[in-house]
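Asker: All chains, full assembly: derive it from the sequences and hints.
The listed protein sequences derive, respectively, from chains A and B.
For the first sequence, position 13 (counting from the first letter as 1) is numbered 13 according to the numbering used here, and the numbering increases by one without interruption.
For the second sequence, position 460 (counting from the first letter as 1) is numbered 460 according to the numbering used here, and the numbering increases by one without interruption.
Keep in mind the hints are simulated off the structure, nothing from the lab.
One should not assume that every hint holds.
Result set (SDA-like, lysine to any residue): computed pairs, CA atoms no more than 20 Å apart in a straight line [said to hold, decoys possible]:
{"no.": "1", "chain 1": "B", "residue 1": "Lys109", "chain 2": "A", "residue 2": "Lys85"}
{"no.": "2", "chain 1": "A", "residue 1": "Lys85", "chain 2": "B", "residue 2": "Gly47"}
{"no.": "3", "chain 1": "B", "residue 1": "Lys242", "chain 2": "B", "residue 2": "Lys268"}
{"no.": "4", "chain 1": "B", "residue 1": "Lys221", "chain 2": "B", "residue 2": "Glu276"}
{"no.": "5", "chain 1": "B", "residue 1": "Lys463", "chain 2": "B", "residue 2": "Val326"}
{"no.": "6", "chain 1": "B", "residue 1": "Lys233", "chain 2": "B", "residue 2": "Leu254"}
{"no.": "7", "chain 1": "A", "residue 1": "Lys70", "chain 2": "B", "residue 2": "Gly47"}
{"no.": "8", "chain 1": "A", "residue 1": "Lys85", "chain 2": "B", "residue 2": "Glu17"}
{"no.": "9", "chain 1": "A", "residue 1": "Lys85", "chain 2": "B", "residue 2": "Arg19"}
{"no.": "10", "chain 1": "A", "residue 1": "Lys70", "chain 2": "B", "residue 2": "Ala46"}
{"no.": "11", "chain 1": "A", "residue 1": "Lys70", "chain 2": "B", "residue 2": "Glu17"}
{"no.": "12", "chain 1": "B", "residue 1": "Lys363", "chain 2": "B", "residue 2": "Ile316"}
{"no.": "13", "chain 1": "A", "residue 1": "Lys85", "chain 2": "B", "residue 2": "Glu26"}
{"no.": "14", "chain 1": "A", "residue 1": "Lys70", "chain 2": "B", "residue 2": "Lys233"}
{"no.": "15", "chain 1": "A", "residue 1": "Lys48", "chain 2": "A", "residue 2": "Ile84"}
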Amino acid sequence: MPTSAFGTARCELMSAATVAGANAYYILRLYITGTTLQSTRAILNIRKICEEHLEGRYELEVVDISQHPKLAMSEQIIAAPTLIKRLPLPLRRFIGDMSQTERILLGLDLRAAANRPSAGSS
Amino acid sequence: MPEDARSGPMLLAENAELRAQLEGAEETLRAIRNAEVDALIIESAAGPRVYTLQGVDSASNRFRGEILAQVSDAVIAVDGQQRVTYANAAAERQYGLGPSRALGQLLSKMYETRWLHPGDDTAAETALRERGEWRGENVHVRQDGRKLHVESSMTVLHETVGQPAGVLAVIRDISDRKQAEDKVRISEIRYRRLFEAAQDGVLLLDPDTCKITDANPFMTKLLSYAHNELVGKELYEIGLMKDEGASLEMFRKLKSEHHVRYEDLPLKSQGGRHQEVEVVANLYDENGRAVIQCNIRDITERKRTEEHNKLLMAEINHRSMNLLAVVQAVAHQTARSGDPASFVARLFDRIDGLAASQDLLIKNQWEGVDLGDLVEAQLAHFKDLIGARVMLDGPPVRLTPEAAQGIGMALHELATNAGKYGALSNDDGRVHISWQFGTANEPVFLMSWSEEGGPPVAAPTRKGFGQMVIGRMVEAAVDGASEIDYRESGFSWRLRAPFAGTLQKGRLASSAGGVRG
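Answerer: Laid out in structure tokens, this is it:
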């Protein structure tokens, strides 16, 4: 079930989250398609990553595009599963079952920039 | 903006943006090639369409998913690490969580499981491991603290190769049912307690067979039958109805009127004891089955009290008539002696004396009067002198109502005379009132009034009403004899009476009892 409304508290978090850093607050949105294998895997994998690396400072929203296809179009989603890092900026997207943990960590700026290979995200 | 006017930084930014878009496209293609995506979203004229990239089972999978989404029980699937991989709409409602918060979470974050009995958790674990399924009840505590009593059915899920891949749980919230069951159980305990502790006999009967189906402990006590001896019997067999015909008549009436009441039935217990009982029976519906409830109240004591009250009322009537006759005689005699001017005062004074005795009798429920109390009541005017100039001396004695009335009137006359003319008319005189019992050979009651220290005594020239009261009237009341002595040194009066008629039966106090003085 998508949640698109941003409350006051969330706006405050957003302004804090726009400043990148070790304590930045992450707002992530995962687009899936029902209970398919890749979708289930993507949910499990991204939850694990968040709990291990972002405990207490993230919000993960799971949107089922089979239920809400228009929401997918608004963020130019062309495949599922897709994870969007909405905050902290810059916005990044990851496609697949989120099983490539290192690549995701780098994309989320949770690994040192020096070790970062060429970007796999936008 | 013309192309040649673009600044260097702007071109660099545009270049970076295009590079990022290219990388995004490559990333998408890589993910598709690696089979990491399972759906594509294509914009069409009718709006966005989702194309799933799955095998031939996808349609049936979707069908199954749609069915699960519709069922009213919560359906939750977890993987081997207890992370939620599926939760249907009912599960989201039941645990108050949307899919964006439930999916991928550890199951323990959806709810906490509390087992009803020690060892239930181990049993469930063993059943899942050995049989691949478990069914049972426990309590789930939601994140908001709300407790749900649930009935769960859990099945181990397997990968195609046969390895366990997780567990599928179908969970039904039975809190309402449990609450209703608890209410029924509490109600059962409450009414069972009422039934068992009731101080009335209660019988339950089957209207078809006319036989007893249950009886409370008080009923078994009332009839001296054991519970199992009562069950299966008919009412006439336990002595409640005089015969089978009377019993059948009661059932006939109950079936037509649903209620019968017998105010007064004789009941004979197994031990032969006779009791009076009141029976109230009702026919009511118990879950589609007719049941008769019979309440039996032992009214033996109430009947006894009613009889006693009847006797008491007759006795009061009789005594009132007697008292009125005495008042009539007193008024007549008072009018004959003395001057007419003081008639009212003298009559009132004597009626006061009668009233004092009457008061004591009523306080003692007409079951006799203590002589010491009677003396004190009649000498109420001289209350302060008792113990100083008026000495009382005698054992505790209880007089019959008749003796109390006669002796009471005599004491009143003696005290009035002593106050007017005798030992209590000056500052020094003394009165000694004593009573005692005769010897074993001579069972009589003796009482005396002796005065000393008063003005010189002279015998009256004519006999007035007072003399009649301390003479003939008191003699008649106790069936005894009196003596009056007008010695100059002090007036004295003696009464001698047989025990019978003077002393209350069974109320004769020991002569060794306390002595008044």
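Asker: Work down the list of hints and note, for each, if the structure agrees.
Answerer: Hint check results:
{"no.": "1", "hint": "Lys109/B x Lys85/A", "verdict": "violated (24 Å)"}
{"no.": "2", "hint": "Lys85/A x Gly47/B", "verdict": "violated (25 Å)"}
{"no.": "3", "hint": "Lys242/B x Lys268/B", "verdict": "holds (10 Å)"}
{"no.": "4", "hint": "Lys221/B x Glu276/B", "verdict": "holds (15 Å)"}
{"no.": "5", "hint": "Lys463/B x Val326/B", "verdict": "holds (19 Å)"}
{"no.": "6", "hint": "Lys233/B x Leu254/B", "verdict": "holds (18 Å)"}
{"no.": "7", "hint": "Lys70/A x Gly47/B", "verdict": "holds (8 Å)"}
{"no.": "8", "hint": "Lys85/A x Glu17/B", "verdict": "holds (17 Å)"}
{"no.": "9", "hint": "Lys85/A x Arg19/B", "verdict": "holds (19 Å)"}
{"no.": "10", "hint": "Lys70/A x Ala46/B", "verdict": "holds (11 Å)"}
{"no.": "11", "hint": "Lys70/A x Glu17/B", "verdict": "violated (25 Å)"}
{"no.": "12", "hint": "Lys363/B x Ile316/B", "verdict": "holds (13 Å)"}
{"no.": "13", "hint": "Lys85/A x Glu26/B", "verdict": "holds (18 Å)"}
{"no.": "14", "hint": "Lys70/A x Lys233/B", "verdict": "violated (79 Å)"}
{"no.": "15", "hint": "Lys48/A x Ile84/A", "verdict": "holds (16 Å)"}
Figure legend: structure checked against the earlier numbered hints; hints not met, in rising order: 1, 2, 11 and 14.
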